[in-house]
Amino acid sequence: MRAHGASGWRSTLIALASTIVFALVVVLVVSNSRGWPEVQRQFFNGEFFRESLRVIPKAFLLNVRIFLIAEVFILVFALFIAILRSLPGPVFFPLRALAIVYTDFFRGVPTILVIYLLGFGAPALQISGIPRDELFWGVVALVLVYSAYVSEVYRAGIDSVHPSQEAAARSLGLSQTKTLRYVIVPQAVRRVVPPLLNDFIGLQKDTALVALLGPVEAFRQSQIEVASNFNYTPYLVTAILFVLLTIPLARLTDWLVIRDRRRQLALGAGR
Amino acid sequence: MRKQLVLTFVLAVFALAAAACGADEEVTPTAAGTETAAAPDPCAKDQLNLKTAGQLTIATDNPAFPPWFQDAEGAPWDPTTEPTKQGYEGAVSYAVANEMGFSDDEVKWVVVPFDNVFKPGPKDFDFDINQVSYSPERDQAVDFSDSYYDVEQAVVTLKSSKFAKATLLADLKDAKLGAQLGTTSYDAIVDTIQPGKDPNVYTTNNDAIRALKNGNIDGIVVDYPTSLYVTAVQVPNATAVGRLPAEGQEYFGLVFEEGNPLRDCVNEAIAKLREAGTLDEAAQKWIEGSAPPVLE
Amino acid sequence: MSAVTVLEVEGLHKSFGRTEVLKGIDVELRSHEVVCLIGASGSGKSTLLRCVNLLEPIDAGRIEFLGEEITAPKVDANQVRRGIGIVFQAFNLFPHMSVLRNVTLGPKKVLGLSTEQAETEAVDLLRRFGLLDKKGEYPDRLSGGQQQRAAIVRALAMKPQLMLLDEVTSALDPELVAEVLDVIRELAESGMTMLIATHEMSFARDVANRVCFLDDGVILEDGPPLEIFFSPQNPRTQQFLQRIIEAGRL
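Chains as they are written, first to last, in the numbering used here: chain E, 2 to 272; chain V, 94 to 389; chain B, 653 to 902.
In isolation and in its complexed conformation, chain E is listed as follows:
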């Protein structure tokens, strides 16, 4: 929120002071509660925290890698599915039906099943040419599942673009394809940034499922630590890492949404 002049600074100071006081109160109350020493030993143990910091962030890089690679493919493949779904006319019915079956199936099946089926099942076929790498199949599974969700988000976005936009574009002589490409899809994508972000936050966390196939990512690494120490602090370290990854994305989305909403709203009635 933009603040103007001196009153802006004062509000900021008050907000800051209030936050500090609030935080102090919470810390005092919690650390003086009866169960705290045991909770601290089990979950907030300084020694295990430091130990975990030596190994878990490195494993977390794997999560980030999986997430970045999968995200790119999901954004593209989901758009493809969404466009298939919205092709008009009876001649395209098989493609629309295919898209519907795809989204129904991959939204219905639990992600963990898809990972197991593809990660252990596909290499087991021993068909030459099919990659065996477990990370490959883990990413493929995540892409297949999340594209189903994201394609529905795109579809909602496409449907939400006012029909006059399509009419205006077609009236200029633009073909259906060019209309989609230059007018509809760019607007659709901008409109659905918040639900897109929700799906990506989910994806970030589901990268941990790839560990089922063998690779040691952050959650699995923390499981290894916990299994040998019987202390749950490593889980806390992993949780913090995941949250830290989410925050910048959330703020970026907020900014994108604010910037675009202004532009979208302007077109309604004349002003």
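Any given hint might turn out to be false.
Unchecked claim - Derived coverage of chain B by chain E (criterion: at least 3 residues anywhere in the stretch with Cβ under 8 Å from a Cβ of chain E; other residues may be distant):
#1 666-680
#2 865-875
Stated by the list, open to error - Listed next, the in silico BS3-like pairs over lysine-lysine satisfying Cα-Cα at most 25 Å (straight line):
#3 V:LYS258 with E:LYS59
#4 E:LYS59 with V:LYS290
#5 E:LYS59 with V:LYS269
#6 B:LYS761 with E:LYS179
Hints are computed from structural coordinates only; laboratory data are not their basis.
Keep in mind it's a predicted model, so treat the numbers as computed, not measured.
C-beta: ideal position from N, C-alpha, C; glycine also.
Position chains V and B relative to chain E; hints supplied.
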């Protein structure tokens, strides 16, 4: 109409609660604190600290694999079905139970997944038998019996693997290995073999075996007896390359809730079985096979 | 310059589901003619315009544009629409593009002009209609009047032979209406053939060569503005105009 239904429901709930409470009261074991002359034997069957009086509740994983457990057809055993005395751990469990005065019918089985066994906290079993190796860390969370099997870790690869002929630990440096989460097998990879590539970790041994079959990993580390079953039945085109050297003897112990006095009584039983040669007999019967050489 | 028939509509029928909206429309435009369509909401004015530029398929009848029957089966609608410009009541401009990009999109992607050429022509048009200083702005920064003027410019950039205007001032605040009407007036004076659906009766009276009164899917009266507005023949036309006058809009 509605009021009647609600009333009936409430009464039913009370009835159930009363029945449950009543049942509880019957089952609570009462210590037989009679003023007899001699001090009672703490390991007498009626003096034992059991979850359910008169019953020995033993836990293991599901499925339980040969050579530790097997059903009548020699396949992995499901503890929720018909009990079995076959397999090394099956034999040892009933031998211990009999030694302590329990008949076969007084043994009850429950399922506990492997990595839940040695976490701290109260247990739903009297003891667990599931190839759990003693370790000082685990000992802080639970109590272990004395050894009922001295164990070694073994490396299993496909026969066609370039690592199948390894004779030295150094030969495995470039191998992509795998093991189950939370096992001493995993520790053996990290501490003893120390390969250049980070090992894969799997939720179950079966997943690791699947990855071995698929060619995603070059080898898995499991305890030696398990490697017998793996190479004989699960992956016939696999071979046990070698056993891993260990500092000190790794051994399997029965797992008890921390502080459970039952442990000492079970130790007595194990000692007697060992003296009588029962453990060796069982090992001969269920875990034979020529052990592969130890990798240097 | 001989007058050419730019648009000929014959026996046009159009239904939406079971509701018949256009019940046999006949109308003709010659080059440089400006024809205003007046009539109550729901009379079919928008539908007629959307049928002319093939946004809606027709159920019966025919439409000829520059002598070619555009409602025939194998006609390439995209091709036809290059020659017909249309401006709607609202939601015209593409909000994710600057005004300049809005105007150059068609010429570049449909007519195949290079970026420089498209931009040069666009700048000329924007200057002519007083929007040059807005060329880099996004539509949300423009007033409603500016947006509609820009929409007209965008349609003109395709160099159409016919312009269709569908109630383009109806959604504007009153003080912004005049600037848009001025643009339309200038277009008419420069000789553009136009079919304009409008509520602005005074404007129609001033600018139109002919006025058509559309009522319940048919054109009840078609004639010069003075005739329609001051001596309407059809009783329904008279009723309609009476209501308009009472509302103080004429």
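Query raised in the report: Can you list which hints this structure breaks, lowest number first?
Result: 1, 2, 3
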